[in-house]
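Chemist: In order, the protein sequence lines correspond to chains A and B. Taking the working numbering, the leading residue of the first sequence gets 1, the next gets one more, and so forth. Taking the working numbering, the leading residue of the second sequence gets 1, the next gets one more, and so forth.
It is worth saying that the hints were derived from the structure and are not from the lab. Remember, predicted model here, so these are calculated numbers, not experimental data. Treat the hints loosely; a few may be bogus.
[Stated by the list, open to error] Simulated restraints, written as ranges between beta carbons of each label pair: (1) A:176 / B:82: 47 to 53 Å; (2) A:241 / B:2: 36 to 42 Å; (3) A:356 / B:135: 55 to 61 Å.
Glycine included, C-beta positions come from ideal geometry on N, C-alpha and C.
What follows is the residue order along each chain.
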Amino acid sequence: MTPAPPPGPPWWMKKPALQTLIDRLRADGYEVLGPRMADGAITLAPLTNLAHLPRGVRDDQQPGRYRLTMADDGGYFDHVVGPHSLKPLVFPPRTTVLEVLRVRDGWEYRTPEPPQPKRAILGVRACDLHALAIQDRVFLGGAYRDPEYAARRAGLFLIAVNCSRSAPTCFCASMNTGPAVRGGADLILTELTDGFLGVAGSDRAAPYLAAVGERPASPEEQAEAAAIPQRAAAQQTRRIDPTTVHDTLMNNLEHRRWADVAKRCLSCANCTMVCPTCFCSTVNDVSDLVGTHTRRQRVWESCFNEEHSHTAGGPVHPTTKSRYRQWLTHKLATWIDQFGTSGCVGCGRCITWCPVGIDITEEVAAMEGGRV
Amino acid sequence: MTVLPPSPWQTIPARVRAITPEVPDVTTYDLELPGADYAFRPGQFNMLYLAGVGEVAISISSDPATPQQLRHTIRAVGNVTRALTRLTAGDTLGLRGPFGTAWPVEAVRGHDIVIVAGGLGLAPLRPAIYHLIRHRPDYGRIAVLYGARTPADLLYAHEYDWWQAADIDVQLTVDVGTPTWRGAIGFVTTLLAQQPLEPARTVVFTCGPEVMMRFVATGAVNRGVAAERIFVSLERNMNCAVALCGHCQFGPSFVCQDGPVFAYANVRRLLLVENL
Ligand code: SF4
Ligand code: SF4
Numbered sequence: 001m002t003p004a005p006p007p008g009p010p011w012w013m014k015k016p017a018l019q020t021l022i023d024r025l026r027a028d029g030y031e032v033l034g035p036r037m038a039d040g041a042i043t044l045a046p047l048t049n050l051a052h053l054p055r056g057v058r059d060d061q062q063p064g065r066y067r068l069t070m071a072d073d074g075g076y077f078d079h080v081v082g083p084h085s086l087k088p089l090v091f092p093p094r095t096t097v098l099e100v101l102r103v104r105d106g107w108e109y110r111t112p113e114p115p116q117p118k119r120a121i122l123g124v125r126a127c128d129l130h131a132l133a134i135q136d137r138v139f140l141g142g143a144y145r146d147p148e149y150a151a152r153r154a155g156l157f158l159i160a161v162n163c164s165r166s167a168p169t170c171f172c173a174s175m176n177t178g179p180a181v182r183g184g185a186d187l188i189l190t191e192l193t194d195g196f197l198g199v200a201g202s203d204r205a206a207p208y209l210a211a212v213g214e215r216p217a218s219p220e221e222q223a224e225a226a227a228i229p230q231r232a233a234a235q236q237t238r239r240i241d242p243t244t245v246h247d248t249l250m251n252n253l254e255h256r257r258w259a260d261v262a263k264r265c266l267s268c269a270n271c272t273m274v275c276p277t278c279f280c281s282t283v284n285d286v287s288d289l290v291g292t293h294t295r296r297q298r299v300w301e302s303c304f305n306e307e308h309s310h311t312a313g314g315p316v317h318p319t320t321k322s323r324y325r326q327w328l329t330h331k332l333a334t335w336i337d338q339f340g341t342s343g344c345v346g347c348g349r350c351i352t353w354c355p356v357g358i359d360i361t362e363e364v365a366a367m368e369g370g371r372v
Numbered sequence: 001m002t003v004l005p006p007s008p009w010q011t012i013p014a015r016v017r018a019i020t021p022e023v024p025d026v027t028t029y030d031l032e033l034p035g036a037d038y039a040f041r042p043g044q045f046n047m048l049y050l051a052g053v054g055e056v057a058i059s060i061s062s063d064p065a066t067p068q069q070l071r072h073t074i075r076a077v078g079n080v081t082r083a084l085t086r087l088t089a090g091d092t093l094g095l096r097g098p099f100g101t102a103w104p105v106e107a108v109r110g111h112d113i114v115i116v117a118g119g120l121g122l123a124p125l126r127p128a129i130y131h132l133i134r135h136r137p138d139y140g141r142i143a144v145l146y147g148a149r150t151p152a153d154l155l156y157a158h159e160y161d162w163w164q165a166a167d168i169d170v171q172l173t174v175d176v177g178t179p180t181w182r183g184a185i186g187f188v189t190t191l192l193a194q195q196p197l198e199p200a201r202t203v204v205f206t207c208g209p210e211v212m213m214r215f216v217a218t219g220a221v222n223r224g225v226a227a228e229r230i231f232v233s234l235e236r237n238m239n240c241a242v243a244l245c246g247h248c249q250f251g252p253s254f255v256c257q258d259g260p261v262f263a264y265a266n267v268r269r270l271l272l273v274e275n276l
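Take the sequences, apply the hints, and build the full model.
Modeler: Okay, here's the thing in structure tokens:
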């Protein structure tokens with residue numbers, strides 16, 4: 001895991017210095033990825049130039065709705081999280097876990113060497129850093145660890161950005177996962193009106209900060225920077241109480257709200273695909289035509305699919321009601337039992353990208369006998 | 001450079017030594033693991049793999065004292081288990097394991113043991129029975145209560161005399177009798193109800209369909225056996241077997257890692273929730 005900050009004082013840099021940062025990272029062998037507009041959304045994609053960033057673009061996010069609006073001026077990071085998280089970079093949607101080769105007297109089983117790409121990610125938000133820390137526990141914290149995750153994770157250089165606004169779907173403030181970045185990144189930026197404030201989050205950041213930092217930030221600039229994520233937090237209206245949600249759900253496993261949400265839920269699995277912490281997968285065999293070479297391929301899976309809970313006696317979760325309950329109770333309750341942390345970071349993606357606009361904060365509130 | 005953990009999907013070759021038909025649709029595969037350093041505890045399972053077909057979780061049904069002679073008793077119901085029926089002695093397949101928790105045979109020394117099994121549920125209990133026989137003086141009364149659909153479905157029938165000779169009370173029941181069947185007809189829970197037991201010194205191991213285990217556990221609790229001393233073996237979808245794939249979750253547990261053997265006291269509440 002990335003060590004905690006702060007090794008150094010905050011620095012002020014000009015906005016174009018971001019290009020220098022990108023160039024330096026590339027020169028050091030990093031592929032740089034960051035927010036880029038594609039197909040009407042802000043995605044996480046390779047970039048080489050500052051001009052690739054979605055400057056002035058804001059995302060209007062509502063349950064089941066995502067729209068981009070543009071302004072002529074505005075900052076490089078006025079948007080919040082899009083459909084992409086860091087998840088596919090460390091836990092690819094499709095990968096080979098075993099190669100199986102026909103040999104003279106049977107089969108040979110070979111573990112492929114995992115790729116170890118060096119990647120710098122620009123513009124990572126607090127919620128996604130927390131999601132990565134959660135995934136670290138899932139993939140590296142148990143008795144058996146995933147070597148591919150370990151390899152990909154080790155190659156990440158994380159440049160975080162403090163959110164300057166929240167979407168209506170964000171509820172990280174209530175989950176204590178944002179919007180201010182409190183660690184887990186190599187470099188932490190805050191976008192000011194005419195520059196960036198940069199803080200090193202790990203020792204690895206020092207040479208980069210030295211290259212782009214113009215001068216130590218003034219007390220006024222530091223105060224301006226500190227107020228920015230606070231302002232974003234104040235905009236949030238949705239919330240989940242992380243101290244009570246576990247018992248709220250586990251004491252209401254037979255609540256009639258499960259049947260109610262099941263009538264709305266399409267069991268489409270979108271929420272689990274966009275969620276930065278959902279980690280279910282299935283390994284399938286993919287063979288060549290002559291059957292001498294088989295790849296055991298691991299692909300993303302979702303608890304919303306019937307096959308997910310398949311047993312010889314039939315599926316354990318045969319209904320949408322049982323599947324929705326599995327997803328929500330796992331995310332917000334049993335995850336805590338398993339990993340000592342919530343499985344939700346309040347990024348709001350599952351709310352935005354649900355085709356029928358199901359809102360997990362509302363479902364939890366209903367179980368509390370609250371809003372609905 | 002980062003030191004990477006070993007891959008939990010690494011598979012080792014196992015050679016089929018013998019294939020024995022047991023009861024209709026059920027076959028026992030004797031496997032050997034050339035050169036592998038391998039040990040298991042009663043109640044654990046392996047992942048068996050056939051190239052191009054896939055992997056399946058199968059409990060180990062042989063004696064833990066002789067792990068070189070590994071046995072799996074398998075019903076042909078799914079893709080992989082049906083493909084296994086095409087193997088012949090000398091063929092190889094892939095194996096990962098052993099995984100999961102075990103029947104706590106060591107911790108319950110000195111107790112009376114009641115084993116209650118339904119159908120193929122006897123397979124994961126057989127290693128425990130072998131252990132109890134091997135260490136017979138360490139335990140009090142031992143009973144095996146076993147139910148199957150018909151007399152022809154009673155698994156390991158040729159071993160019952162031997163178990164009896166080791167001072168194990170073997171009681172059988174079937175759902176549907178035949179003209180020559182002289183044993184009991186009805187649920188295995190009835191055998192449990194008729195079984196004399198001293199609740200304070202009794203431990204129950206049960207494996208079979210989930211409803212059956214639920215009835216067995218409630219029956220034992222009603223007889224005064226503490227829920228902490230009743231052990232069930234749960235079945236869920238096991239895909240990775242190493243708590244990384246998410247398929248086998250049951251409330252706070254990964255059945256592949258925290259199970260398959262659970263103390264009933266720890267799962268009782270959740271077992272009562274439908275489709276959990
Ligand atoms: S459950 Fe929803 S809000 Fe929580 S981390 Fe996953 S996608 Fe984000
Ligand atoms: S909650 Fe929404 S996104 Fe998730 S499966 Fe149901 S319909 Fe799809």
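Chemist: Against this structure, judge whether each hint is valid.
Modeler: Comparing the hints with the structure gives:
1. A:176 / B:82: 47 to 53 Å: holds (50 Å)
2. A:241 / B:2: 36 to 42 Å: holds (38 Å)
3. A:356 / B:135: 55 to 61 Å: Taking Cβ atoms as reference, residue 356 of chain A and residue 135 of chain B lie about 59 Å apart, which means the hint holds.
The structure agrees with every numbered hint stated previously.
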